[in-house]
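*Asks:* Sequence:
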Amino acid sequence: MSQTTEMDVLEQLLPQLRADGYDVYLHPNKPLIPGFFEDFTPDAIALRGDRNLAIEVRGGSSSEAKKLRSIQERFVGHNDWELRVIWLPSDGAEVAFEVYGPEKLKLRLKQIEKLVSDGQFEPALLLAWATFEATARAVAAHRFTRPQTPGRIVQELAASGVLTPTEADQLRKLADKRNRLIHGDLQVQVGEDEVRQFGEVLLALVDELPADDQGLTRGALL
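Residue numbers (our numbering): 5 to 226.
Just so you know, these hints were derived from the structure itself, not from any lab. Just so you know, not all the hints are guaranteed correct.
[As the list claims (entries may be wrong)] Straight-line C-alpha distance at most 25 Å; calculated BS3-like pairs for lysine-lysine:
1) Lys-70 to Lys-114
2) Lys-34 to Lys-71
3) Lys-118 to Lys-108
4) Lys-181 to Lys-114
5) Lys-110 to Lys-177
6) Lys-118 to Lys-181
7) Lys-181 to Lys-110
8) Lys-70 to Lys-34
9) Lys-118 to Lys-177
[Claimed, not checked] What follows is a list of derived Cβ distance ranges for each label pair:
10) Pro-169 to Ser-74: 52 to 62 Å
11) Ala-172 to Phe-40: 46 to 56 Å
12) Gly-81 to Lys-177: 25 to 35 Å
13) Phe-40 to His-187: 23 to 33 Å
14) Lys-177 to Lys-70: 43 to 53 Å
15) Leu-111 to Glu-77: 15 to 25 Å
16) Glu-102 to Ser-74: 28 to 38 Å
17) His-31 to Asp-211: 18 to 28 Å
18) Lys-177 to Phe-40: 36 to 46 Å
19) Lys-177 to Arg-52: 24 to 34 Å
Since the model is a prediction, treat every value here as computed from it, not as a measurement. Even glycine gets a Cβ: it sits at the ideal position worked out from N, Cα and C.
Modelling step: build the complete structure from the supplied sequences, incorporating the hints.
*Replies:* Here's what the structure looks like:
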C-alpha cells in the first residue's frame, strides 16, 4: 500500500481515538514501544490508562495475514494491550466509506458538544473535522469517494455555494490548526468559540440532508 493511503486511514481514526481519551502517536519511536513487541513497530499506538492499542494498516494478502498471526501471539498475556489491524485491499482498490444519514451525524454532533462542555477543545475540533468530511460525503458522495484534505473539502463546498465565504474562511483557519494537531504540534490552542462556530456550520449542513427514513441519495444537495 502507498504511504498516502496508510496516512489517509490513520487520519480517519485519529479524531475518534482522541475523543475516546487516547493519546495517539503515529509511527512511534522505540522509547514508546513495549519490549514485548520485539521487532514489531506498529503504524500507530494509542495510549490510555485502562487500555492501549497497537494499530497496524496492512494489505490483504495471505503473507500479510501470516505475519500478523505471529505478531498477535506476542500480545498474549498482555491484557492492557490490543493489536488492532486495519486491512486494505492489496490490489490498489479504493477504500470504500459509508455515506451516513443525518441521525448518525447528529450523534457525532452531540459527542462534539460533550467534549466542548468538558473543555476538551482539541479533541472536539478533530472529531468535528471527521464529522465534516462525513457530512460532505453525504452532501456530495460522488465528489468525496476518497479521503480528502480539509482544504479541498472547504474549497469544493464553497465553490458550490454550500458554504458561505465567511464560513469557508473560518474553516480554512481551523483546517490549519487541525493539520498541526494531527501531525503532533501540541502547542496548538483551540478556543471554545471556534469549535462552537464549527458545530453551527455542521448542524446547518446536516439539517439540509434528507431524513434517514427517506433514503439518502448520492449527491443529495449538489
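*Asks:* Would you list, in rising numerical order, the hints stated earlier that this structure does not obey?
*Replies:* 1, 12, 15 and 17
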